[in-house]
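Make a model of the complete structure from these sequences and hints.
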Amino acid sequence: RQDHPQQAQDLRDLLIVPLAYRIAAGFSILLVIMLALAGYHLSLLHRQSVDIFEISAKSRAVLEAALEIRAQLIDLSRLSDRLKAYEALEETELGGSAEDYHEKIERVRASVSKRVKIVKELDLPEEQAQEAELLERIWQEHLKRVGLREIRGTLSEPATSPRSAVNQGLQPTEHQLKRLQAAAKNALNEQGAAVNANVRQAELAAQVAAIVALVSALAGSLVVGRTILRPLRRVAKGARALAEGDFTYRVPESGGEEIAALARDFNIMAARISQLDQLKKDLISNVSHDLKAPLASMQETTRLLLEALPGPLTEQQSRLLTLNLSSGERLSRMISDLLDLSRLEAGVETPSFERLDLGKLLRVSVEELENLLKERDQSFELKLPERMVEIQGVPTALGQVLTNLLSNALKFTPRGGALGARLEPFSSPKKAWWRRLAPSVREAVESSDGAGALLEIWDSGPGVPDDHKERVFQRFHRVDSHRRGAQGTGLGLAIAAAIVAQHHGALWVEDRQEGGSSFNLLLWRRVPPVEAAS
1 RQDHPQQAQD LRDLLIVPLA YRIAAGFSIL LVIMLALAGY HLSLLHRQSV DIFEISAKSR
61 AVLEAALEIR AQLIDLSRLS DRLKAYEALE ETELGGSAED YHEKIERVRA SVSKRVKIVK
121 ELDLPEEQAQ EAELLERIWQ EHLKRVGLRE IRGTLSEPAT SPRSAVNQGL QPTEHQLKRL
181 QAAAKNALNE QGAAVNANVR QAELAAQVAA IVALVSALAG SLVVGRTILR PLRRVAKGAR
241 ALAEGDFTYR VPESGGEEIA ALARDFNIMA ARISQLDQLK KDLISNVSHD LKAPLASMQE
301 TTRLLLEALP GPLTEQQSRL LTLNLSSGER LSRMISDLLD LSRLEAGVET PSFERLDLGK
361 LLRVSVEELE NLLKERDQSF ELKLPERMVE IQGVPTALGQ VLTNLLSNAL KFTPRGGALG
421 ARLEPFSSPK KAWWRRLAPS VREAVESSDG AGALLEIWDS GPGVPDDHKE RVFQRFHRVD
481 SHRRGAQGTG LGLAIAAAIV AQHHGALWVE DRQEGGSSFN LLLWRRVPPV EAAS
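For the record, in the sequence shown the residue sitting at position 421 is 421 according to the numbering used here, with numbers rising by one throughout.
Once the Cα atoms are required to be at most 20 Å apart in a straight line, the calculated PhoX-like pairs of lysine-lysine come out as: (1) 144 - 117; (2) 360 - 383; (3) 104 - 144; (4) 411 - 469; (5) 144 - 120; (6) 120 - 185; (7) 374 - 411; (8) 114 - 178; (9) 292 - 281; (10) 178 - 120; (11) 104 - 114; (12) 280 - 292; (13) 178 - 117; (14) 144 - 114.
Read the hints as simulated data drawn from the structure, not as lab findings.
Printed below as a string of structure tokens:
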């Protein structure tokens, strides 16, 4: 890898399977399992149908032959009865001769012999074949024992009369015939049991295959899901970082071909956004810096004119110069705010955090606004905990945050209205606050001390609409100035948000039940090491 980095990278690229191929492979595995299951069922059904046909055909042939033999045995018994009656009546009205009966009996016996031989020659299962062979042996013994001479015996010898002579072999033959029929029926029953067993086996195989398919599907879904979701989560995390203003975030260009292409496009987009944002910041910073010096010169010239050093001024001239000076001072403040915001966003200064009492810092900021509160006849309610609320931060920067938030509340509170601030320490952040924190800050807080302080600064003004609650912290964003009656540069909240982000805290606005807005500031007792956590 060290000697041939390009070859190693080419090998890794070859080993990366495109996402479409992975999904296709997963579906192919499931398809193979289902086809194998269907093939197994078809082969089982085919084999079962062949076995059923063969056994049922043979058993049916045996049963049909047995019925015919049984009928012929009945005919043979009936003929022997008629022959006995004929000999007893000695040529009476029965008609015919004894020889006719003898010939009929011989024809029936020959037919029985033929049927028995046909049954024996069938390719039967072992049990039926044994019974058929025994049937033939019993019948042949009957034929040897009872011939034509025995059938023609006289009535004077009852033991050798035609009736008794013929019937001497019929009962064993009928008994063996019943055994053969029972064997054929048993074969059918066994085949039915085998069919049921095969059906159960097929059901079991189907269940096992279904479980295997389900497990394979779940495993494939997990693999494909992780393959897709993990890089997509990285891209989503990058999108959130961009939305939060972190234009330096980059997504690892790993994974399948499609995901890697998406990551590359995302990084190109992020780099382009970062360049445009930097160009905008540089333009604002440069223009603000270049305007500051001539603007200061213009203000100084206006002050000299107002002091009447060149000569006396009329009332109208004095009023116009005063307006010009006021506008210049307002423009100067805006330029100073732009420079401060550009410096914060550029990160040119590394903040030096120190321990400080947030309650004391808040009290000082409120005291600085007492004259404005009296001029506007506004009341201020300050709620501080009895014990000191210690946090980590930059005193001057946090003082500017408090001043901006308090000035914003004072500005949007009508004359004679009320505003206030409430400070509370906490040992761990509430769940509702987590979504206010950047992802990298959440990771850092989870691995460090989560104690801090929550400051609420509220006013009784017109409030902030829901669709503006996120955008009020953007530079130059102002909510319907005519409805709120506000005047300002539109940079105070943006500067406060940038300083809070530098302290890895959170700043958000909510509506108050009593009316007005509530700006919430979250700061940490120990600033979490976000860079190390990231």
